[in-house]
Amino acid sequence: MQLAPELRLRRTPLVAAGLLLGAGLGGFVDGIVLHQILQWHNMLSGQLPPDTLVRAKVNMYWDSLFHAAVWVLTVVGLALLWAASGRAEVPHSGRTLLGGLLLGWGLFNVIEGVIDHALLGLHHVYEYTPNHLPADLGFLAFGVGLLLAGAGLVRAGRTRRVPTASS
Amino acid sequence: MKLLLSLLATLLPGWAGACTWCRPRVRAGIYTPAYPANLLLVLLPVAVLLALGLGLFYWDKLRLYIAPARAARS
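Top to bottom, those sequences are chains A and B. Take -19 as the starting number for the first sequence in my numbering and just add one per residue. Take 28 as the starting number for the second sequence in my numbering and just add one per residue.
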């Protein structure tokens, strides 16, 4: 394989695209699994408990805006991935992309966990218990684990040179 | 993006159409004076993530404005 050492690799665009895709897909996991299948919480269930049909529907409205927002994250991530894939200095690295995806999912959990659960109290991971802390901490710990795994994969995807078209 | 924003601007202000019995109650629960604050809070984590991702993607261009001397050295 012929290599071109003069071409400097830039993995940041690939990591950024993976990060937004991972955050968007992580948001869908939260919305689909925790909001809809398990029904552990809704977007504003900490402030407006869904204990009547009307309150459940109001929460459903705010859940849907959250879903729309994470859909936008996913679409922007896809657009960035398309833009990155056309650049010669961006390596075609599955590990880097997977690492970016895990970083994005982990960041979603940590940022959402800190802002919505801890600071604002909009909702907690498992709403229907007097002690919210264990589930909230578990959600954050899972996010930190994803961040570590993602960082490890991004490191593992490092290469020094770019293969030329003749390789 | 413009299409998406105009679609959102059309859909957000008053289109929640629940069943005829609960529609006025649901709308009264959604479109309260706290609506802008709730919207901001619900979208805040996503906005932070979007800014992080776009900032990272365009970091090469951004750092020319943020730290031009360091960017020139590298």
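It cannot be assumed that every hint is accurate.
Here are the simulated distance ranges between beta carbons [as the list claims (entries may be wrong)]:
1. B:TYR92 / A:GLY118: 38 to 48 Å
2. A:ALA63 / B:TRP48: 25 to 35 Å
3. B:PRO63 / A:LEU99: 17 to 27 Å
4. A:LEU100 / B:TYR58: 14 to 24 Å
5. A:LEU99 / B:GLY82: 15 to 25 Å
6. B:ALA55 / A:VAL9: 24 to 34 Å
7. B:TYR92 / A:ALA63: 35 to 45 Å
8. A:ALA68 / B:TYR58: 47 to 57 Å
9. B:LEU30 / A:GLY66: 50 to 60 Å
10. B:SER33 / A:VAL124: 33 to 43 Å
11. A:LEU113 / B:LEU67: 24 to 34 Å
These are calculated hints, taken from the structure and not from any lab test. Don't be surprised by glycine CBs; every beta carbon is placed ideally from N, CA and C.
Tested hints:
no.	hint	verdict
1	B:TYR92 / A:GLY118: 38 to 48 Å	holds (40 Å)
2	A:ALA63 / B:TRP48: 25 to 35 Å	violated (49 Å)
3	B:PRO63 / A:LEU99: 17 to 27 Å	holds (19 Å)
4	A:LEU100 / B:TYR58: 14 to 24 Å	holds (21 Å)
5	A:LEU99 / B:GLY82: 15 to 25 Å	holds (21 Å)
6	B:ALA55 / A:VAL9: 24 to 34 Å	holds (32 Å)
7	B:TYR92 / A:ALA63: 35 to 45 Å	violated (20 Å)
8	A:ALA68 / B:TYR58: 47 to 57 Å	holds (51 Å)
9	B:LEU30 / A:GLY66: 50 to 60 Å	violated (24 Å)
10	B:SER33 / A:VAL124: 33 to 43 Å	holds (39 Å)
11	A:LEU113 / B:LEU67: 24 to 34 Å	holds (26 Å)
Hints 2, 7, 9 from the list above are not met by this structure, while the remaining hints are.
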